[in-house]
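First to last, the protein sequences are chains Z and R. In terms of this note's numbering, the first sequence opens at residue 1 and continues consecutively. In terms of this note's numbering, the second sequence opens at residue 1 and continues consecutively.
Quick caveat, the hints were computed from the structure, so don't treat them as lab data. A couple of the hints might just be wrong.
Here's a subset of chain R near chain Z, in silico, CB distances under 7 Å, partners left out [what the hints assert, rightly or not]: (1) 16; (2) 25; (3) 43.
A virtual CB, placed ideally from N, CA and C, is assigned to each residue, including glycine.
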Amino acid sequence: MERTRFYIQFLFTLLMNCRLWITRGNPIYTGPGKYLCLPGLNCYSCPAAVTSCPLGALQNFMATLRINLQMGQPFIGLYVLGSLGIVSSIVGRMPCAWLCPFGLLQELLFKIHLPKLPFWRPFRWGRYLFLILFVIILPFVLLDQTGYGQTWFCKYICPAGTLEAGIPLLAIEPGLRRMIGGLFFFKLSLLIGFIVWSMVTLRPFCRAVCPLGLILGFFNRFSWMRLHFHQERCVDCKACYRTCPAGLDFSNGIDPINSTSCIRCLRCVSICPGGAVTVTISKIVQEQKQHEQSAENSHCHQEQR
Amino acid sequence: MEKIKRYTPIGLTIISILIMAAGILMGEPGEVFTKAVTLCLSCIGLG
């Protein structure tokens, strides 16, 4: 299961970044793929990126949403929210574990042999702060001299932007190097900080910062695909807790199994020796199957008679 | 209550499809495209 997940993650990273012919003067892809918002943290200013980042798009909508301004846009990001809603209402936060390029990077960094540190649980509230403040409120409320807001999360926080766009663009376009200033060094130090943190703690960005993961995670409790914990089958070995990249402890009832932090990697499902963690696609589908099964059983029973 | 819970996932998917369709009708994909193909240097920490 883990190997399959790695290959799928790797494949999606390649698919999202499959522009191989990068030239000077034309640093970013401008083809039709950029109409698509795929649920993964992948900066659309990356020279290789062929799709759009939903978080960047959402901030841009917030920054340009001006009802009383002539040049303002009436868009509130329905297209982005709807596309995220479709995916997450079916599989919840699964894209975080199965297709996010930045998630893949963090998992690879964690494989480096170094002493590991536990994740301090109150940091999880940071995701709410970054979503509400940096993605919604600040881009909408604080205006620059042109009368528009700014993409605060991209500009001041996002390490994926520095890694995938800032550094490669500086390498490709020497003319941009004169633009390096305090902001770039601040973002570079944030990126280095997250890289070091990822080496000692599993997926710290996803757990403490990522607003996109939080949006997808809201649907975990209501999605078609849901995890179930069967207490009676649990042998209390704690294998699920030790393997969980989100550090969820549902066997003790500390966290709900479909918590917003769960990234649906399904490690707990495959590792549990007692089969105490199961996954279902939909209650309706499940009931339909049960109904068919019982109908089949009664039919066999009648034939035997 | 159980019935509401049972149909919540499909309801959410339908609502999401409708929201997305409304966004498409309003021309939001074009706006996403325009922003994504315009290199914003300050957005990536340059400038």
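Going down the list of hints, with the structure as the test:
Nearest Cβ of chain Z to the Cβ of residue 16 of chain R: about 3 Å, under the 7 Å cut. The hint holds. With 7 Å as the threshold, the beta carbon of residue 25 of chain R stays out of range of chain Z, its nearest partner Cβ sitting at about 9 Å, so the hint is violated. Annotation: residue 43 of chain R was flagged as interfacial toward chain Z, and the flag holds, the nearest CB pair being 4 Å apart, inside 7 Å.
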